[in-house]
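A.B. asks: The primary structure of each chain is shown beneath.
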Amino acid sequence: MLNHTYQVTDKVDFSANSTKSIDIPETGYINEINLLLELYVTPATSVSANEDALARIIDALKITAAGGKNYFTVDDGRQLLYHCFHQYQGQLLHDPLPSAGGSATTVRALFPLHFGLDPFDSFDPSIIIPGAELSNLKLEVTWGSASDLGSGYTITASSSQMRAIVKELTLEKGETRDKIWPDGINVPLFESRSLSLSATASNLGKTDDVPVGSMLHSALIIVLNSSGNRSDTDVTEFGTKYPKLALEEFRIDNFYAIKGINRKQFLLPGTVVGQPSSWLSDPKGVFLFKFSEVTGKAIGLDLSTAMTGDVKLGFTVASTGGQILILYRSIALG
Amino acid sequence: MLERLTTTIKNLKIANIPVGDALLLLIGLGVNEAIVPTVARLIRLGNLPSVVGAGLGIIAKMPAVERFLGSTLANVLSATAIAEGIDEQFNVKARAEAMLSRLLPGRVATAGVETSGVEEIARLGQAEVSEQERRIVSAMRARG
Chain L
0 MLNHTYQVTD KVDFSANSTK SIDIPETGYI NEINLLLELY VTPATSVSAN EDALARIIDA
60 LKITAAGGKN YFTVDDGRQL LYHCFHQYQG QLLHDPLPSA GGSATTVRAL FPLHFGLDPF
120 DSFDPSIIIP GAELSNLKLE VTWGSASDLG SGYTITASSS QMRAIVKELT LEKGETRDKI
180 WPDGINVPLF ESRSLSLSAT ASNLGKTDDV PVGSMLHSAL IIVLNSSGNR SDTDVTEFGT
240 KYPKLALEEF RIDNFYAIKG INRKQFLLPG TVVGQPSSWL SDPKGVFLFK FSEVTGKAIG
300 LDLSTAMTGD VKLGFTVAST GGQILILYRS IALG
Chain S
0 MLERLTTTIK NLKIANIPVG DALLLLIGLG VNEAIVPTVA RLIRLGNLPS VVGAGLGIIA
60 KMPAVERFLG STLANVLSAT AIAEGIDEQF NVKARAEAML SRLLPGRVAT AGVETSGVEE
120 IARLGQAEVS EQERRIVSAM RARG
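Top to bottom, those sequences are chains L and S.
Per numbering that gives the first Met the number 0, the first sequence starts with residue 0, numbered consecutively.
Per numbering that gives the first Met the number 0, the second sequence starts with residue 0, numbered consecutively.
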């Protein structure tokens, strides 16, 4: 078994409001894909940057393969950003946009997408995408436009792209997969949902059925207000519900407490030099809920035999017009 | 030549427990765990490490080699070479462990991956050790 790191030669070229994809070489068992965003941005004499601008330029991102295999899906770049933020304790490369009247410059953000349970071990074999056994393995990006960055910015498409740096385990000559994974492999399954907050809801009344059929590891929640920015006040309570058992096993009636728990749980930063000012304290409107909170098992909640509706996430909604973005992370049998 | 030394090791007993036999077995396994996979990589026999193990087992029992090693060490090396070859080929140890871990209750000790079950949600059908956990544990073990 060899540790193999390489940058994919092809890059996903930026093209406003378009979907672009590249093939990922099918050479090994992929542990990690580091997605490097590079945008060549020219500022006007007056600019106003959006919150999480470099993430918002990504409208959607997918990692797919032939046979309907869908390993990773986000429908908003912020889901990708805050998934990585929690995995890596907020220590991400994330450049600021250029100042008003400044020079055109390349701004970069790195989204390290690790599939295993130990993000600090790049070649952790616990959960992998079996690239060597797949065909038509693709990274697909749906790009937004310059207005996603804010007002007064121009993006030069020919100098803007996303690159993929892959970390994978490759078999040595004569080695078989069974040697490294004698009991079989686990694969990642990230599923994105969006709930519109069209009405207020009390007592965790706004619910979402969690995905079943696999091991559910965690759910990343992002609450957006009616302006599309992250909010701490539109949703006030969060919990898990088991309707058949009339059970609420986890419930926190204060949104700030959830974020506080996250901060110590994931060692999130209080201050980070060079990072966006929104990261100087707990990021608004974002938290990651690990199902180990209810099972006591780091791997999560085993829903392999559950039915849709057996487990729900519940939210108490105080303000309307916004939405809740959820990124479910499951571990499936490969 | 080595017979006197290996016989001394073999006869070693502590509190009447035959420690010597265990030591010889470990020596044999250690030697063959180093040799068999390496030879299997160097000499391609249709990717059949079990053939390499059997070959080394036969070599250890060849009269000239056995005279050098002594019959005790030759027997140990021959048996462990064949065992190592079979294990390299069919992954017998890992499969036996996996089978037993399915039958045995309780938690699985892991290297680097925490799977400690504090309390099961039996009402939700939470398995004691899930298939996903079993796979992670065996991958970590195989990785070493």
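Worth flagging that the hints you see were computed from the coordinates, not collected in a lab.
A few of these clues could be false.
Unchecked claim - Residues from chain L that keep clear of chain S, each with C-beta distances beyond 10 Å, as calculated:
1) K19
2) S213
3) S303
Stated by the list, open to error - As a list, the in silico SDA-like pairs of lysine to any residue whose alpha-carbon atoms are at most 25 Å apart:
4) L:K172 - S:R142
5) L:K289 - S:I34
6) L:K311 - S:V128
7) L:K178 - S:A63
8) L:K178 - L:K243
9) L:K61 - L:A99
10) L:K311 - L:G204
11) L:K19 - L:D94
12) L:K289 - S:K92
13) S:K92 - L:K19
14) L:K178 - S:R133
15) L:K19 - L:K178
16) L:K172 - S:V128
17) L:K178 - S:E65
18) L:K172 - S:V38
19) L:K243 - S:R142
20) L:K137 - L:E25
21) L:K10 - S:I26
22) L:K172 - S:I85
23) L:K166 - S:I26
24) L:K172 - S:E87
25) L:K172 - S:I26
26) L:K178 - S:P17
27) L:K172 - S:A53
28) L:K172 - S:A141
29) L:K178 - S:F67
30) L:K178 - S:A14
31) L:K178 - S:R3
32) S:K92 - L:S158
33) L:K178 - S:L1
34) S:K92 - L:S20
Owing to the predicted nature of the structure, the values given are computational and were not obtained by experimental measurement.
Glycine residues also receive a C-beta, built at the ideal position from the N, C-alpha and C atoms.
A.B. asks: Now look at each hint and say whether the structure bears it out.
C.D. replies: So, going through the hints one by one against the coordinates:
no. : hint            : verdict
1   : K19             : holds, 33 Å
2   : S213            : violated, 8 Å
3   : S303            : violated, 7 Å
4   : L:K172 - S:R142 : holds, 17 Å
5   : L:K289 - S:I34  : violated, 45 Å
6   : L:K311 - S:V128 : holds, 23 Å
7   : L:K178 - S:A63  : violated, 35 Å
8   : L:K178 - L:K243 : violated, 42 Å
9   : L:K61 - L:A99   : violated, 33 Å
10  : L:K311 - L:G204 : holds, 11 Å
11  : L:K19 - L:D94   : holds, 23 Å
12  : L:K289 - S:K92  : violated, 34 Å
13  : S:K92 - L:K19   : violated, 47 Å
14  : L:K178 - S:R133 : holds, 15 Å
15  : L:K19 - L:K178  : violated, 37 Å
16  : L:K172 - S:V128 : violated, 33 Å
17  : L:K178 - S:E65  : violated, 33 Å
18  : L:K172 - S:V38  : holds, 13 Å
19  : L:K243 - S:R142 : violated, 41 Å
20  : L:K137 - L:E25  : holds, 10 Å
21  : L:K10 - S:I26   : violated, 53 Å
22  : L:K172 - S:I85  : holds, 19 Å
23  : L:K166 - S:I26  : violated, 37 Å
24  : L:K172 - S:E87  : holds, 15 Å
25  : L:K172 - S:I26  : violated, 28 Å
26  : L:K178 - S:P17  : violated, 34 Å
27  : L:K172 - S:A53  : holds, 21 Å
28  : L:K172 - S:A141 : holds, 17 Å
29  : L:K178 - S:F67  : violated, 35 Å
30  : L:K178 - S:A14  : violated, 40 Å
31  : L:K178 - S:R3   : violated, 39 Å
32  : S:K92 - L:S158  : violated, 54 Å
33  : L:K178 - S:L1   : violated, 35 Å
34  : S:K92 - L:S20   : violated, 44 Å
The structure fails to meet hints 2, 3, 5, 7, 8, 9, 12, 13, 15, 16, 17, 19, 21, 23, 25, 26, 29, 30, 31, 32, 33, 34 from the earlier list, while all remaining hints are met.
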